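Q: My request is simple: use the sequences and hints to build the entire structure.
Number of protein chains: 2
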Amino acid sequence: MPPISVRPAFASSVRALTQNATPRVSQLTPRVSQPITRRFKSGPYGYTQAKALVYSQNGEPCDVLFLHTHSISPSLPSNALLLRSLAAPINPADINQIQGVYPSRPPFTALLGTAVPSAIAGNEACFEVMRVGSAVKEFAPGDWAIARAPCLGTWVTHVEAQEDALLRVEKEGLTPVQVGTVGVNPTTAYRMLKDFENVGEGEWFIQNGANSGVGRAAIQLGRLWGMKSINIIRERGTEEETEAMRNELRGLGATHVVTEGELMARGFSEQVKEWTVGGRQKVKLGLNCVGGKPTSAMVKCLSDGGHLVTYGGMAKAPLQVPTAALIFKDVKFSGFWVSRWSEKNLDEKRRTVGEILELTRAGMFADVPVQKVQWDWDTKEKTLKEAVTGTLQGFRKGKGVFVFGDT
Amino acid sequence: MPPISVRPAFASSVRALTQNATPRVSQLTPRVSQPITRRFKSGPYGYTQAKALVYSQNGEPCDVLFLHTHSISPSLPSNALLLRSLAAPINPADINQIQGVYPSRPPFTALLGTAVPSAIAGNEACFEVMRVGSAVKEFAPGDWAIARAPCLGTWVTHVEAQEDALLRVEKEGLTPVQVGTVGVNPTTAYRMLKDFENVGEGEWFIQNGANSGVGRAAIQLGRLWGMKSINIIRERGTEEETEAMRNELRGLGATHVVTEGELMARGFSEQVKEWTVGGRQKVKLGLNCVGGKPTSAMVKCLSDGGHLVTYGGMAKAPLQVPTAALIFKDVKFSGFWVSRWSEKNLDEKRRTVGEILELTRAGMFADVPVQKVQWDWDTKEKTLKEAVTGTLQGFRKGKGVFVFGDT
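Residue numbers (UniProt numbering), protein chains in the order written: chain U, 1 to 407; chain P, 1 to 407.
Worth double-checking, as some hints may not be accurate.
Only pairs whose alpha carbons sit at most 30 Å apart, straight line, appear in this in silico DSS-like list of lysine-lysine [what the hints assert, rightly or not]: (1) Lys344/P - Lys332/U; (2) Lys329/P - Lys329/U; (3) Lys300/U - Lys344/P; (4) Lys316/P - Lys329/U; (5) Lys282/U - Lys332/P.
Sample of chain U residues lacking proximity to chain P, with all beta carbon distances greater than 10 Å (derived) [what the hints assert, rightly or not]: (6) Leu76; (7) Ala115; (8) Ala161; (9) Glu170; (10) Thr175; (11) Lys194; (12) Gly200; (13) Arg250; (14) Arg266; (15) Thr276; (16) Glu348; (17) Leu359; (18) Thr360; (19) Ala366; (20) Glu381.
I should point out that these hints are in silico values taken from the structure, not numbers from a laboratory.
As the structure is a computational prediction, the values presented were derived from the model and not from experiment.
Just so it is clear, CB atoms sit at the ideal spot from N, CA and C, and this is done for glycine as well.
A: In structure tokens, the structure reads:
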């Protein structure tokens with residue numbers, strides 16, 4: 001399925017920003033501050049102005065992130081592309097990366113022209129291709145792209161990237177937010193449901209964090225594939241809110257939605273047995289982003305030979321694995337890290353993302369609720385940083401996503 | 001490789017025990033108590049006397065085990081064999097089974113003629129075939145056999161069993177103890193080294209309980225297959241004893257032997273890094289029969305993508321699994337239960353046992369140290385029960401194995 005190539009009318013929108021050849025990335029102060037608009041504006045041989053949320057040391061985002069303006073040289077290497085961000089989500093992993101507690105980290109570089117070497121934050125985005133180098137094969141200006149792997153730096157208005165760091169996305173019928181959020185959470189849900197156990201039609205999985213991006217994606221994909229699901233959510237502020245959440249997830253296709261309290265209560269495994277026709281329908285898979293005691297309770301609901309896949313640890317408590325579950329119930333424990341998977345499985349990532357976006361286009365895969373944070377040229381650093389720290393404090397109103405200019 | 005068939009001279013050793021046809025298994029008191037000898041003694045249509053350690057309820061072996069005499073009818077069903085035990089080990093799982101804390105349990109039966117229904121203890125043995133039913137195909141009198149799966153009841157002098165509950169063993173060049181202890185511990189070690197990760201030549205595994213039956217088997221098989229091993233033992237009573245144990249295991253082929261204290265000390269993972277040439281040689285597999293904190297320390301020594309296989313939980317403490325080990329180090333956690341494996345993989349069990357016994361014959365696989373407990377016809381119940389409770393209290397002098405009559 002070749003992507004539709006939309007070539008913007010470059011000639012009509014060119015305007016000079018600088019006149020001289022200078023280093024490709026510099027601290028050059030732009031002569032004119034201008035809003036980002038849908039079309040790329042630059043002069044012949046002109047520099048592109050970019051703003052980015054960067055950090056020069058690891059720490060809390062509120063302490064270490066700052067908004068930095070830099071320029072990107074017009075002399076594009078042959079295998080590089082100039083990109084403009086359309087939408088870039090704020091994922092928990094992005095924050096852990098800034099804090100320095102995440103194993104994949106971008107190198108701090110002097111190329112951004114910050115006082116001390118720094119890195120651009122963010123790992124996921126929907127980009128629009130502005131210009132391509134002479135040797136670029138798969139992209140044309142106007143195409144949409146996502147990062148192939150983490151550490152590209154996506155909380156940025158414009159960025160230059162190598163072709164092999166990107167995956168082209170068929171943009172027709174999709175929004176930038178849909179494309180900009182497909183590569184991490186829905187991809188994680190897709191692979192966890194497919195790659196660990198062969199959960200057949202009419203068989204079950206159980207998951208916690210069911211209202212998260214991954215959880216919602218798993219509910220929907222699982223239902224499309226004929227799976228049944230037991231979905232665990234944390235209690236909301238009020239019973240009404242909890243009930244509303246249950247209904248929302250049932251609307252997405254959740255078979256059962258239970259609170260953590262209900263999971264931990266005596267007799268829950270009998271309840272599961274009843275749902276699974278006395279255990280004849282297997283609960284083959286558990287998806288865990290919590291950890292600690294509630295996860296041990298979830299493990300008890302797995303059938304013999306079941307598999308618990310961990311992709312997060314929100315409770316910040318290790319998993320307690322009873323010896324008997326391993327030996328006698330033959331329960332297996334694995335982890336899933338979409339970054340590692342993406343680096344090792346490029347073709348499969350392309351296919352996975354393509355399939356999810358096809359479902360999105362067909363109206364069969366609902367968007368995750370997001371809280372859009374508008375990022376214009378004049379948006380204040382404070383606004384952007386608050387969006388990041390707000391993500392730290394909880395996702396109840398939906399995931400934070402930077403949306404750029406007039407996208 | 002067809003087993004050698006050695007047919008005992010039946011005609012010359014027959015002697016009547018009973019004269020009348022009675023139910024196949026009864027409480028009949030034998031007219032003459034006689035020692036078990038190598039050759040089966042019975043008259044035409046005569047009953048076989050058997051003694052067994054049985055239990056009618058779960059509990060501590062010292063409380064619930066008793067020595068029971070019963071008779072086995074001469075009218076053998078067509079697909080059954082009459083067996084005599086040559087050697088039967090006392091495994092920790094046998095004791096857990098008596099205690100009622102082991103998931104596979106023999107049913108309590110009235111057929112033994114006990115006051116209340118009971119089961120024969122023990123799960124592993126080397127049997128000699130005494131007589132075969134008319135439809136038995138693979139066995140002839142004099143052949144040796146082991147149990148195909150647990151719950152056969154092996155702490156017994158004679159037993160009747162179905163052909164499909166047994167595996168024939170080529171006895172040439174082997175002792176009853178070697179054959180009677182091959183099906184659980186060496187088989188467990190063999191399958192754990194083979195079935196979870198592809199540990200290549202020059203690659204490593206790490207294991208605790210290294211001086212156990214499984215541990216010693218893993219050391220030897222691993223060395224034969226070109227693997228290197230880090231072996232964890234508990235500190236002995238004195239430094240000399242600890243050093244002697246290190247030397248003993250090194251003699252079997254252990255690359256490194258460390259105490260639990262050394263494992264838990266700071267800097268041990270640096271030591272492992274040095275041994276593995278800066279981590280370039282992978283530690284792909286961990287074998288765990290302990291649990292608790294020392295096992296967490298062992299997990300830290302695994303390479304990225306490593307696999308911890310649990311087959312026991314001597315520390316009676318759950319495994320603590322840090323989320324990061326699962327997600328970022330991609331460490332996998334599984335269990336291995338030789339009983340389940342054996343039931344599902346009969347042909348492979350036959351092949352595995354055959355290969356280990358071939359190595360034993362060739363002098364390439366050393367026997368596990370055992371403490372033989374002689375079981376003659378007149379051996380007192382107290383002596384047999386003390387052997388069982390002694391196994392509960394520790395294995396320092398070697399595994400307890402019942403050896404019967406003049407074997």
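Q: Confirm or reject each hint.
A: Hint by hint, here is what the structure shows:
The hinted pair formed by Lys344/P and Lys332/U meets the criterion: a straight-line CA distance of about 18 Å does not exceed 30 Å. Pair hint Lys329/P plus Lys329/U holds up; C-alpha atoms about 24 Å apart against a cutoff of 30 Å. For the given pair, Lys300/U sits about 24 Å from Lys344/P by alpha-carbon distance, which is consistent with the 30 Å threshold. Under the criterion of a C-alpha separation no larger than 30 Å, the hint pairing Lys316/P with Lys329/U is consistent with the structure, at around 17 Å.
Pair hint Lys282/U plus Lys332/P holds up; C-alpha atoms about 22 Å apart against a cutoff of 30 Å. Listed as a non-interface residue, Leu76/U keeps its Cβ farther than 10 Å from every Cβ of chain P; the least gap is roughly 35 Å. The beta carbon of Ala115/U sits about 31 Å from the closest Cβ of chain P, which is more than 10 Å, so the claim that it is off the interface holds. Under the 10 Å C-beta cut-off, the non-interface status given to Ala161/U relative to chain P holds; the minimum distance is some 25 Å.
Consistency note on Glu170/U: stated as away from chain P, and its beta-carbon is indeed over 10 Å from all of that chain's, at 30 Å minimum. Remark: the non-interface label on Thr175/U is consistent with the geometry, its nearest Cβ contact in chain P lying 30 Å away (cut-off 10 Å). Non-interface status of Lys194/U relative to chain P is upheld: no Cβ of that chain comes within 10 Å, the nearest being about 17 Å off. Against chain P, the non-interface label of Gly200/U holds: every CB pair exceeds 10 Å, the least being about 20 Å.
Every CB of chain P is more than 10 Å from the CB of Arg250/U (nearest about 29 Å), matching its label as outside the interface. The claim that Arg266/U is not at the interface with chain P holds, since no C-beta of that chain comes within 10 Å of its own (minimum 20 Å). With a cut of 10 Å on Cβ distances, Thr276/U stays outside the contact zone with chain P, its closest approach being about 20 Å. Glu348/U, annotated as away from the interface, keeps every beta carbon of chain P farther than 10 Å; the closest lies near 17 Å.
Non-interface call for Leu359/U relative to chain P: holds, since the shortest CB-CB distance, roughly 26 Å, exceeds 10 Å. Interface exclusion of Thr360/U from chain P stands, the closest Cβ pair being 26 Å apart, more than 10 Å. For Ala366/U, the condition that its CB be more than 10 Å from all CB atoms of chain P holds, with the nearest at approximately 26 Å. No beta-carbon of chain P comes within 10 Å of the beta-carbon of Glu381/U; the shortest separation is about 31 Å.
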